[in-house]
Structures are given as C-alpha cells and as structure tokens.
Amino acid sequence: MIETKRLIIREMVQSDYDALCGILCDEEVMRAAYESAFNLEEAQNWLNRHLKRYDEYGFGLWAVVLKETNEMIGQCGLTMQGWREKEILEIGFLFQKAYWHKGYATEAAIACKEYAFSVLNANRVYSIIRDTNIASQKVAVRNGMNIIDKDTKNFRNIDMEFFLYSVERTK
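The sequence shown begins at 1 in full-length UniProt numbering and counts up by one.
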C-alpha cells in the first residue's frame with residue numbers, strides 16, 4: 001500500500017493479531033500512550049475497530065512491516081479523532097519496543113503524512129501525543145509538526161494531558 005526505504009505499510013488483517021498483541025499488550029509500550037497495556041480482548045477490539053475503519057473511511061492504523069524480514073514491527077496510519085468537539089485527521093503510531101529509536105516511527109509517520117496530502121487531499125494533519133511521551137513528540141517534530149494546543153482527555157477513568165501537533169500541506 002505504502003512503501004518506504006525500509007518499510008511496507010499495509011492494512012492489518014486478522015493474522016496480524018499476535019504481532020499486534022506484542023505492541024498493545026506490552027506494559028512499557030502502552031504506558032507511554034495509554035497508561036497501561038491492553039488485555040487480549042481489548043487488543044482484538046482494537047483490531048476490529050481498524051478493520052471497520054478501512055471499510056468506512058478507506059484508512060485507519062496500518063501494519064508497519066519491515067521489508068527485510070516481513071515482520072510486523074508496529075502500526076502507523078490515519079484515523080479520525082475528536083479534539084474539542086471537532087473531528088481531525090490524525091497520524092498515530094505505536095511500535096514494538098525492540099524497534100524504538102531506529103527511525104521507523106518517523107519514516108512511517110512521514111509516509112502517512114504524504115499519503116494524507118497526496119492521496120486524501122488533506123490540507124492539514126495532526127498528531128495527539130501525551131505530554132509525557134517525549135519520544136513520540138520528537139517523531140511529530142521530525143514530521144514537520146508543531147504544538148498548536150493542549151487538552152485533557154480521559155482514558156480508562158484516568159485524566160491525561162495531551163498536546164495537539166499539526167502540520168499544513170505546503171503545495
């Protein structure tokens with residue numbers, strides 16, 4: 001679907017469930033984004049939501065596959081998210097811990113931004129990132145984004161602070 005120098009970004013399928021659990025059920029990975037890991041049922045619900053998004057919108061979070069090994073190392077893609085009573089087009093990403101700090105998230109996020117601008121004809125894209133998630137904030141900055149807002153969101157009955165990053169299409 002989308003190809004970069006090192007990655008293939010494609011729709012997730014049910015057979016990606018085990019690899020997805022390696023991300024969503026990992027306490028350290030999920031602490032940065034959602035405060036705690038998902039259980040197996042929540043991981044399946046997450047996958048189902050994105051399969052539905054592919055049908056509804058034509059996009060969602062996609063599997064990020066390492067070309068070299070054909071292994072799913074993360075997910076990155078586009079979703080419609082609520083922010084202050086409006087729907088925005090967000091670039092989101094989550095990767096297995098073994099693949100952190102190797103540039104994969106940035107490579108995938110840039111490819112998704114380019115997809116949003118060139119294929120979806122979006123004028124602006126966003127990333128919603130926890131104020132404590134410094135690594136993801138650095139990915140957003142490398143993707144040309146700046147902080148434009150901050151808000152509190154509640155997930156699993158926990159209030160968390162999030163920054164809203166954004167970048168506008170220039171051509």
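Note that these hints are calculated values from the structure, not bench results. Ideal Cβ positions, reconstructed from N, Cα and C, are used throughout, including at glycine. It is possible that some hints are incorrect.
[What the hints assert, rightly or not] Distance ranges between label pairs, derived from CB positions: (1) Gly-144 x Trp-83: 25 to 31 Å; (2) Ile-147 x Glu-35: 16 to 22 Å; (3) Lys-97 x Asn-123: 30 to 36 Å.
[What the hints assert, rightly or not] The calculated SDA-like cross-link candidates involving lysine to any residue, where the alpha carbons are at most 20 Å apart (straight line), are: (4) Lys-67 x Asn-133; (5) Lys-67 x Met-1; (6) Lys-102 x Arg-6; (7) Lys-5 x Lys-113; (8) Lys-153 x Gln-96; (9) Lys-52 x Glu-41; (10) Lys-97 x Phe-38; (11) Lys-113 x Asn-123; (12) Lys-150 x Glu-87; (13) Lys-150 x Glu-35; (14) Lys-113 x His-50; (15) Lys-52 x Thr-79; (16) Lys-86 x Glu-41; (17) Lys-138 x Lys-171; (18) Lys-97 x Asn-133; (19) Lys-67 x Ile-8; (20) Lys-102 x Ala-19; (21) Lys-153 x Lys-97; (22) Lys-67 x Thr-4; (23) Lys-138 x Gly-103; (24) Lys-150 x Lys-5; (25) Lys-67 x Lys-138; (26) Lys-113 x Gly-103; (27) Lys-171 x Leu-89; (28) Lys-86 x Asn-133; (29) Lys-138 x Ile-148; (30) Lys-113 x Thr-152; (31) Lys-67 x Ala-98; (32) Lys-86 x Lys-138; (33) Lys-138 x Val-167; (34) Lys-5 x Leu-66; (35) Lys-153 x Phe-38; (36) Lys-86 x Thr-152; (37) Lys-113 x Asn-39; (38) Lys-86 x Ser-36; (39) Lys-113 x Leu-89; (40) Lys-5 x His-101.
Hints and how they fare:
Distance hint for Gly-144 and Trp-83: a CB-CB separation of about 19 Å, inconsistent with the stated range 25 to 31 Å. In this structure, Ile-147 and Glu-35 meet the distance hint of 16 to 22 Å, their C-beta atoms being roughly 21 Å apart. Checking the proposed 30 to 36 Å range against Lys-97 and Asn-123 shows it holds: the Cβ atoms sit about 34 Å from each other. With a CA separation close to 27 Å, the supplied pair Lys-67 and Asn-133 exceeds the 20 Å bound.
Restraint check: the Cα-Cα separation between Lys-67 and Met-1 comes to about 13 Å, which is no more than 20 Å; the hinted pair holds. Straight-line distance between C-alpha atoms of Lys-102 and Arg-6 comes to about 11 Å, which keeps the hinted pair within the 20 Å bound. The hinted pair formed by Lys-5 and Lys-113 meets the criterion: a straight-line CA distance of about 16 Å does not exceed 20 Å. Using a Cα cut-off of 20 Å, the hinted pair Lys-153 and Gln-96 is violated, with the two alpha carbons roughly 24 Å apart.
For the given pair, Lys-52 sits about 16 Å from Glu-41 by alpha-carbon distance, which is consistent with the 20 Å threshold. With a C-alpha separation of about 15 Å, the suggested pairing of Lys-97 with Phe-38 holds against the 20 Å cut-off. With a C-alpha separation of about 10 Å, the suggested pairing of Lys-113 with Asn-123 holds against the 20 Å cut-off. The hinted pair formed by Lys-150 and Glu-87 meets the criterion: a straight-line CA distance of about 16 Å does not exceed 20 Å.
Restraint check: the Cα-Cα separation between Lys-150 and Glu-35 comes to about 18 Å, which is no more than 20 Å; the hinted pair holds. With a C-alpha separation of about 18 Å, the suggested pair Lys-113 and His-50 falls inside the 20 Å cut-off, and the hint holds. The straight-line distance between the Cα atoms of Lys-52 and Thr-79 is roughly 11 Å, inside the 20 Å bound, and the hint therefore holds. Note on Lys-86 and Glu-41: the hinted pairing is violated, with a Cα-Cα distance of about 29 Å set against a maximum of 20 Å.
Taking the CA atoms of Lys-138 and Lys-171, the gap is near 24 Å; set against the 20 Å cutoff, the hint is violated. The suggested pairing of Lys-97 with Asn-133 holds, with an alpha-carbon distance near 14 Å, which does not exceed 20 Å. Simply put, Lys-67 and Ile-8 have alpha-carbon atoms about 6 Å apart, close enough for the 20 Å limit, and the pair holds. As the CA atoms of Lys-102 and Ala-19 are separated by approximately 19 Å, the hinted pair is consistent with the 20 Å bound.
With a C-alpha separation of about 25 Å, the suggested pair Lys-153 and Lys-97 falls outside the 20 Å cut-off, and the hint is violated. For the hint pairing Lys-67 with Thr-4, the CA-to-CA distance comes to about 9 Å; that is within 20 Å, so the pair holds. Restraint check: the Cα-Cα separation between Lys-138 and Gly-103 comes to about 11 Å, which is no more than 20 Å; the hinted pair holds. At most 20 Å may separate the alpha-carbon atoms for a hinted pair to count; Lys-150 and Lys-5 exceed this at roughly 33 Å.
Taking the CA atoms of Lys-67 and Lys-138, the gap is about 24 Å. The hint is violated against a cut of 20 Å. Only pairs whose Cα atoms come within 20 Å are accepted, and Lys-113 paired with Gly-103 is accepted, the gap being roughly 15 Å. Between the alpha carbons of Lys-171 and Leu-89 the distance comes to roughly 18 Å, so the proposed pair stays at or under 20 Å and holds. Proximity of Lys-86 to Asn-133 is assessed by CA-CA distance (about 24 Å); at most 20 Å being required, the pair is judged violated.
For the suggested pair Lys-138 and Ile-148, the alpha carbons sit about 15 Å apart, so the restraint of at most 20 Å is met. Under the criterion of a C-alpha separation no larger than 20 Å, the hint pairing Lys-113 with Thr-152 is inconsistent with the structure, at around 25 Å. Using a Cα cut-off of 20 Å, the hinted pair Lys-67 and Ala-98 holds, with the two alpha carbons roughly 16 Å apart. For the hint linking Lys-86 to Lys-138, the alpha-carbon distance of about 25 Å lies beyond 20 Å, and the restraint is violated.
A threshold of 20 Å between alpha carbons decides the hint, and for Lys-138 with Val-167 the separation of about 14 Å falls inside it, so the pair holds. Between Lys-5 and Leu-66, the direct Cα distance comes to roughly 10 Å. Compliance with the 20 Å bound is thereby established for this hinted pair. With a C-alpha separation of about 18 Å, the suggested pairing of Lys-153 with Phe-38 holds against the 20 Å cut-off. For a cut-off of 20 Å, the pair hint linking Lys-86 to Thr-152 stands: about 15 Å separates their Cα positions.
Annotation: proposed proximity of Lys-113 to Asn-39 is violated, straight-line Cα distance about 30 Å (limit 20 Å). At roughly 27 Å between alpha-carbon atoms, Lys-86 and Ser-36 are farther apart than 20 Å, so this suggested pair is violated. A hinted pair counts as satisfied when its Cα atoms are at most 20 Å apart, and Lys-113 with Leu-89 qualifies at roughly 10 Å. A hinted pair counts as satisfied when its Cα atoms are at most 20 Å apart, and Lys-5 with His-101 qualifies at roughly 17 Å.
When the structure is compared with the earlier hints, violations turn up for hints 1, 4, 8, 16, 17, 21, 24, 25, 28, 30, 32, 37 and 38 and for no others.
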